[in-house]
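J.: Between the sequences and the hints, there should be enough to build the whole structure, so can you do that?
Just add 1078 to the spot in the sequence shown (first one is 1) and you have the numbering used here.
Quick caveat, the hints were computed from the structure, so don't treat them as lab data. Model, not experiment: these values are computed from the prediction. Idealized CB from N, CA, C, for every residue including glycine. Hints are not guaranteed to be accurate.
Now the in silico label distances, taken between C-beta atoms and shown as ranges [what the hints assert, rightly or not]: (1) 1225 <-> 1156: 43 to 49 Å; (2) 1309 <-> 1353: 18 to 24 Å; (3) 1311 <-> 1232: 21 to 27 Å.
Calculated lysine-lysine pairs in the DSS-like style (CA-CA distance at most 27 Å, straight line) [as the list claims (entries may be wrong)]: (4) 1127 <-> 1144; (5) 1127 <-> 1283; (6) 1144 <-> 1283; (7) 1215 <-> 1338; (8) 1283 <-> 1215; (9) 1215 <-> 1144; (10) 1283 <-> 1264; (11) 1316 <-> 1264; (12) 1338 <-> 1127; (13) 1316 <-> 1338.
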Amino acid sequence: MMDRYGADVLSGDWKAPRRGRAQPVEAQTGLVVEDVETGWVGAVARVEKAGGMHVVHLEDRRGRLKGFRLGPGFLLDGRPVVLTAPTPVPAAASTAARQAASRTASGSRAVQDRQARVAAGSRIFVEGRHDAELVEKIWGDDLRVEGVVVELLEGVDDLDSVIRGFAPTRERRMGVLVDHLVPGTKEHRVVAEAARVTPHARWVKILGHPYVDVWQSVRPHRLGLDTWPVIERGTSWKHGVLAHLGWPHADQADVAHGWKRILGSVRSYQDLEPTLLASVEELIDFVTVNPQE
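T.: Rendered as structure tokens:
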């Protein structure tokens, strides 16, 4: 028979908050959460024990740190969570981690007890801040050992004048990493012209990757995607990607915060596409070659 009164409205979890009940989540480094009480949004930088309680330190998009008591009172992607201390690493995993620590994020063998060299004359130039931050995260240790500094171009429209201004030589080489370097693009034409700048062309190497933006060089599975989305022409690519991911995308601050989350998902060179890896490695080899060779 049909139940004329329907289901019992009190039989479910009717006391649950509108956003659902808080779920426990480990405070892993890079996890982006919001403190409900203050509205502070940041990525987990570290968890430590102070004064008999666990404190989680959150770093916002401006690099500022703020400590909060570990536990309830946080939102993850708009849903309530209870932050818990990261699970202690088992002995076997700890041994593996120590072995992994003997290599840098780029896969190179880490150099122990050696200070960074004084900056050499050679430089690697990248298009924007996000490119520079990604290069620093993966190849920073290697570059410091070699004394190579990464500088920003803020676009490649004036690349030929940048080359003339830098005036590269055998001892002072110049490597350039360009986004979206594919035939038929503006970047391809600019690079073709810049590669002919004399008398410096011999000491300049310009390489790139085919991705619309360096974001795309991060393997999509790190963000829970099968592939990066195709964004309609006329829509800002970064804003479109953030919308596809369901992340805030109203303004430039949201873009900056979105990039911090993407960068936080990158752990080593294995999380990047091979095309970017090959270009950066070749540029490092080029600018660090012995001048006598």
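J.: Decide, hint by hint, whether the structure agrees.
T.: Evaluation of the provided hints:
no., hint, result
1, 1225 <-> 1156: 43 to 49 Å, "holds (45 Å)"
2, 1309 <-> 1353: 18 to 24 Å, "holds (20 Å)"
3, 1311 <-> 1232: 21 to 27 Å, "holds (24 Å)"
4, 1127 <-> 1144, "holds (15 Å)"
5, 1127 <-> 1283, "violated (49 Å)"
6, 1144 <-> 1283, "violated (42 Å)"
7, 1215 <-> 1338, "holds (12 Å)"
8, 1283 <-> 1215, "holds (22 Å)"
9, 1215 <-> 1144, "holds (22 Å)"
10, 1283 <-> 1264, "holds (18 Å)"
11, 1316 <-> 1264, "holds (19 Å)"
12, 1338 <-> 1127, "holds (25 Å)"
13, 1316 <-> 1338, "holds (13 Å)"
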